[in-house]
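Top line first, the protein sequences correspond to chains A and B.
Mind the numbering: the first sequence is residues 1 to 160 in my numbering, read in order.
Mind the numbering: the second sequence is residues 1 to 732 in my numbering, read in order.
It is possible that some hints are incorrect.
The calculated BS3-like cross-link candidates involving lysine-lysine, where the alpha carbons are at most 30 angstroms apart (straight line), are [unchecked claim]:
| no. | chain 1 | residue 1 | chain 2 | residue 2 |
| --- | --- | --- | --- | --- |
| 1 | B | 305 | A | 32 |
| 2 | B | 202 | B | 23 |
| 3 | B | 202 | B | 239 |
| 4 | A | 32 | B | 561 |
From the structure, some residues in chain A lie toward chain B, with a derived Cβ separation under 7 angstroms [what the hints assert, rightly or not]:
| no. | residue |
| --- | --- |
| 5 | 65 |
| 6 | 119 |
| 7 | 132 |
| 8 | 142 |
| 9 | 153 |
Simulated coverage check for chain A against chain B, where a stretch passes if three residues somewhere in it have a Cβ under 8 angstroms from a Cβ of chain B [stated by the list, open to error]:
| no. | segment |
| --- | --- |
| 10 | 2–15 |
| 11 | 66–77 |
Keep in mind that the hints were calculated from the coordinates and are not lab data.
By construction, the Cβ of each residue, glycine as well, lies at the ideal position given by its N, Cα and C atoms.
Each chain is listed here by its residues.
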Amino acid sequence: MSEHEISVVVNGARRSVRVPSRLSLADLLRDKLGLTGTHLGCEHGACGACSVLVNGEVVRACLMFAVQVDGDEVTTIEGIGSEDGVLTPVQAAFRDCHGLQCGFCTPGFVVTVTALLERNPAPDDGEIRTALSGNLCRCTGYQGIIEAVRSLRSGVEHAD
Amino acid sequence: MLHACFVRSPLARARIASVDVEKACAVAGVRGVLTGADINGEVVDLWYSQVGPDVPRTPLPPLAEGEVRFAGDPVALVVADDRYVAEDAAELVAVDYEPLDAVVDLHAALDSDSLVHEGWAGNVCAELATPTDHLAEAFANAAHVVETEIHQQAYVACPLETRGLVVEWSPADGSLSVWASSQSPHDFRQFASRLLGVAEHKIRVICQDTGGGFGQKINAHREDIVLLLAARHFPAPLKYIEDRRENLMASSSRRESGRVRMALNAEGVVQAATIDHLSNAGAYPIPYPLISSAAVGAIFPGPLKYQLGAFSTKCVFTNTPGLTAYRGPWEFETLAREVSLDAAARQIGVDPAELRRRNMLSRHDLPHTNALGMTLTDMTPLETLELALEAVEYEVFRQEQDEARAQGRYLGIGISSYVEPTTTNMPHHGSEGATIRVEPSGTVNVYLAGGSAGNSLETTAIQLTADALDVDVGVVNTVQGDTALTPFGSGTAGSRSGSMVAGAIRETAAILRNRIAEVAADALGVRAEVIEVAGGSAFVEANPINALTLAEVAHHAYFGKDAAGGLEASARYHTQAPNLWANASHICTVEVDIETGLVRILRYVVAEDCGPMINPNVVEGQIAGGVVQGIGGALLEHFEWDVDGNPLATTFVDYLLPSTTDVPIIEYLHMEGSPGPGPGGFKGVGEGGAIGAPAAVANAVADALSPFGVELRELPLSPATLLRHLADGGAG
Numbered sequence: 001m002s003e004h005e006i007s008v009v010v011n012g013a014r015r016s017v018r019v020p021s022r023l024s025l026a027d028l029l030r031d032k033l034g035l036t037g038t039h040l041g042c043e044h045g046a047c048g049a050c051s052v053l054v055n056g057e058v059v060r061a062c063l064m065f066a067v068q069v070d071g072d073e074v075t076t077i078e079g080i081g082s083e084d085g086v087l088t089p090v091q092a093a094f095r096d097c098h099g100l101q102c103g104f105c106t107p108g109f110v111v112t113v114t115a116l117l118e119r120n121p122a123p124d125d126g127e128i129r130t131a132l133s134g135n136l137c138r139c140t141g142y143q144g145i146i147e148a149v150r151s152l153r154s155g156v157e158h159a160d
Numbered sequence: 001m002l003h004a005c006f007v008r009s010p011l012a013r014a015r016i017a018s019v020d021v022e023k024a025c026a027v028a029g030v031r032g033v034l035t036g037a038d039i040n041g042e043v044v045d046l047w048y049s050q051v052g053p054d055v056p057r058t059p060l061p062p063l064a065e066g067e068v069r070f071a072g073d074p075v076a077l078v079v080a081d082d083r084y085v086a087e088d089a090a091e092l093v094a095v096d097y098e099p100l101d102a103v104v105d106l107h108a109a110l111d112s113d114s115l116v117h118e119g120w121a122g123n124v125c126a127e128l129a130t131p132t133d134h135l136a137e138a139f140a141n142a143a144h145v146v147e148t149e150i151h152q153q154a155y156v157a158c159p160l161e162t163r164g165l166v167v168e169w170s171p172a173d174g175s176l177s178v179w180a181s182s183q184s185p186h187d188f189r190q191f192a193s194r195l196l197g198v199a200e201h202k203i204r205v206i207c208q209d210t211g212g213g214f215g216q217k218i219n220a221h222r223e224d225i226v227l228l229l230a231a232r233h234f235p236a237p238l239k240y241i242e243d244r245r246e247n248l249m250a251s252s253s254r255r256e257s258g259r260v261r262m263a264l265n266a267e268g269v270v271q272a273a274t275i276d277h278l279s280n281a282g283a284y285p286i287p288y289p290l291i292s293s294a295a296v297g298a299i300f301p302g303p304l305k306y307q308l309g310a311f312s313t314k315c316v317f318t319n320t321p322g323l324t325a326y327r328g329p330w331e332f333e334t335l336a337r338e339v340s341l342d343a344a345a346r347q348i349g350v351d352p353a354e355l356r357r358r359n360m361l362s363r364h365d366l367p368h369t370n371a372l373g374m375t376l377t378d379m380t381p382l383e384t385l386e387l388a389l390e391a392v393e394y395e396v397f398r399q400e401q402d403e404a405r406a407q408g409r410y411l412g413i414g415i416s417s418y419v420e421p422t423t424t425n426m427p428h429h430g431s432e433g434a435t436i437r438v439e440p441s442g443t444v445n446v447y448l449a450g451g452s453a454g455n456s457l458e459t460t461a462i463q464l465t466a467d468a469l470d471v472d473v474g475v476v477n478t479v480q481g482d483t484a485l486t487p488f489g490s491g492t493a494g495s496r497s498g499s500m501v502a503g504a505i506r507e508t509a510a511i512l513r514n515r516i517a518e519v520a521a522d523a524l525g526v527r528a529e530v531i532e533v534a535g536g537s538a539f540v541e542a543n544p545i546n547a548l549t550l551a552e553v554a555h556h557a558y559f560g561k562d563a564a565g566g567l568e569a570s571a572r573y574h575t576q577a578p579n580l581w582a583n584a585s586h587i588c589t590v591e592v593d594i595e596t597g598l599v600r601i602l603r604y605v606v607a608e609d610c611g612p613m614i615n616p617n618v619v620e621g622q623i624a625g626g627v628v629q630g631i632g633g634a635l636l637e638h639f640e641w642d643v644d645g646n647p648l649a650t651t652f653v654d655y656l657l658p659s660t661t662d663v664p665i666i667e668y669l670h671m672e673g674s675p676g677p678g679p680g681g682f683k684g685v686g687e688g689g690a691i692g693a694p695a696a697v698a699n700a701v702a703d704a705l706s707p708f709g710v711e712l713r714e715l716p717l718s719p720a721t722l723l724r725h726l727a728d729g730g731a732g
């Protein structure tokens, strides 16, 4: 198995790691870098639990190889949240709107919603549903998740 | 950390001629490969607490030996330094399979020459039937006899986090640590203790942040069993996380079929009804499935008043994954009854809402002993129906439906009402313990068995404890899911946790409040009887100026002159009622595109009665999750096999879970006026959404397509299925 030295900025810090060519980005993040907030729900690119940002774009970490992010910037849920535990507005809205139950899909949703709102700060209901349709949740029936995004759109304040 | 990967059968049924592990063992980084011959003989005792040791023990080899019995059947376990290497090596395990005819179809299994398990004639795993003679007269004299047949496809729990565990055997002291994705940490430990013959106190099971369960993670599965056995072969942390393909093809499935007969009088009042029910046990059901099957028959009368009933049920072995519990394991009774009621309404020309009004129990009819001998109490079936009908503006919708039809658009409305036995008093589920400790600083910890898998038991426990001690929720923390730290409890299952946890906390807090009063009385030099415990402090009612904060009471309790007592209590709650009955009425409206067969849900209303709500967010969250699973079951999800038993939906690209674009906004109406006989009057709410939804959606679709004379008898109602029915049914 050939290995490659890659250099990638993860959550703002440059990391140089030696990886097998077949190592997935998700496994790089979880197993080699200890960033276990990125969850694996299907490893087929269908559930969105492993969503991360690569150069600001939402990608499925299970569908990319680690070698593909050589020279790139990767942001995981750990990089979106703050180290001191203060919730971002998206995270606070999920909590306030009961937008998570088991929490397994939540990191992927938070990543997706964060990117959505950066691109489109005032999505209408249809845009919200379309933007989130690639993230699966089995607990909430999406009710609280959609409500969380709507509350952000309408500018509701969320205390931490 | 070592990593495990299963070698699984690619065939639904085959004889295993040989298993050659040599090449796999030679791969660098492989620590070993275990087969059934290596570990199956190590099983000491294998039975499930839910059903006890005395039910018939269906075959359950940890790894397949001699024969594989479904596509996905685990044959060997490869252990390696990392998961990639383990998967590489798994492909090098050479299993020589001699294919055999697979038993796949539920009905054909009963007459098949092939047996899934030798010695189980007719592939019958379990069966039960009640007498029918007493119904003959009612059917003979009926103005209308309605017969329906309903097939519910295989659909599965699909927790977003798959199954998995880490086991670590410590040879020096003979102890085992397990980090499990389980709804029942203490039961997992009991099970492991029996399985391995290792004393219970030498096993520690830790379950934290389980990523969804929905019944699939109540009991240890064969993969868990294999890992538990493998632990002693590899005394290092050993991890198995199944992938999605394995979870879909090998974890569990539920597939049912039923034939319903209803006798109605000229006024449309049901006089008698029967259901003949078939349930797929698969190859390896966990546990023995007769209880949930019998529940289908016993609860089939649901919210209806009729007094003459009967049922038969058979659980059938097939070469498919084994049956395990899935959210509302007896849900088929609601699907069968509610679909049959709508079929009856169409057959005799009565509106389906009106037909239900003529047949449903109101709170004033309770207690009521149903046709199968179950006594229903403390519910509001007819009341929730009326509430939901009002909310959905039923009459207005009927007008809109007429107008739409005139324009060539097909709207439909579907009703589904159910009654649900929550918090059943089965021996293993009947009691729950709690420990509450006021720490020396005055903060509070409540220790509970746990097993939360996304059902908000942490929030619930903190809230209930804060209420019971009358302290701020901010000072309460909870510790759950670790058998070494928490009192025994049987985990989250059967919509029991809310009521049982409330009971355990109530009993424990009562003791603790007395203790707080004692300590405060001692400190204040008064009798304990005059002490009030409220608002986070203890004081003499006549002289509240001398109030002691909980922190001051705790200081006295731990460091004062009577420090022996501390400030901690443990107690258990034992439920007295056989069940806490909950109920709901769901109403769904849809539009069906007759060109594409696509169903769009317009509105979804749930009027429910789970008693007083501990936390409305949690209640509605549970309902929403269940309803959407039911919508998936009605429209999208289909774990299908071909005739040879090959699974056809092994990714989320083929097995379609509802997404944000498939679900409506769910509207909730709560009736809290019929509290149950348990603590606080709370009743269970974890499963009901998934029980009510499939029938509501199916009835709405059938109603939309009623102009075409279409009777829908099989789920899911996919576009392909609907277009086929429309083609077969003609153009009305």
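Status of the hints after comparison with the structure:
1. B:305 <-> A:32: violated (62 angstroms)
2. B:202 <-> B:23: violated (36 angstroms)
3. B:202 <-> B:239: holds (20 angstroms)
4. A:32 <-> B:561: violated (54 angstroms)
5. 65: violated (12 angstroms)
6. 119: With Cβ-Cβ at 17 angstroms, over 7 angstroms, it is violated.
7. 132: At 4 angstroms from the nearest chain B Cβ, residue 132 of chain A passes the 7 angstroms test, so the hint holds.
8. 142: Constraint on residue 142 of chain A satisfied, holds at 5 angstroms.
9. 153: Violated, about 15 angstroms.
10. 2–15: It is violated, with 0 qualifying residues against the three required.
11. 66–77: Violated - the segment 66–77 of chain A has 0 residues with a Cβ nearer than 8 angstroms to chain B, which falls short of three.
Figure legend: structure checked against the earlier numbered hints; hints not met, in rising order: 1, 2, 4, 5, 6, 9, 10 and 11.
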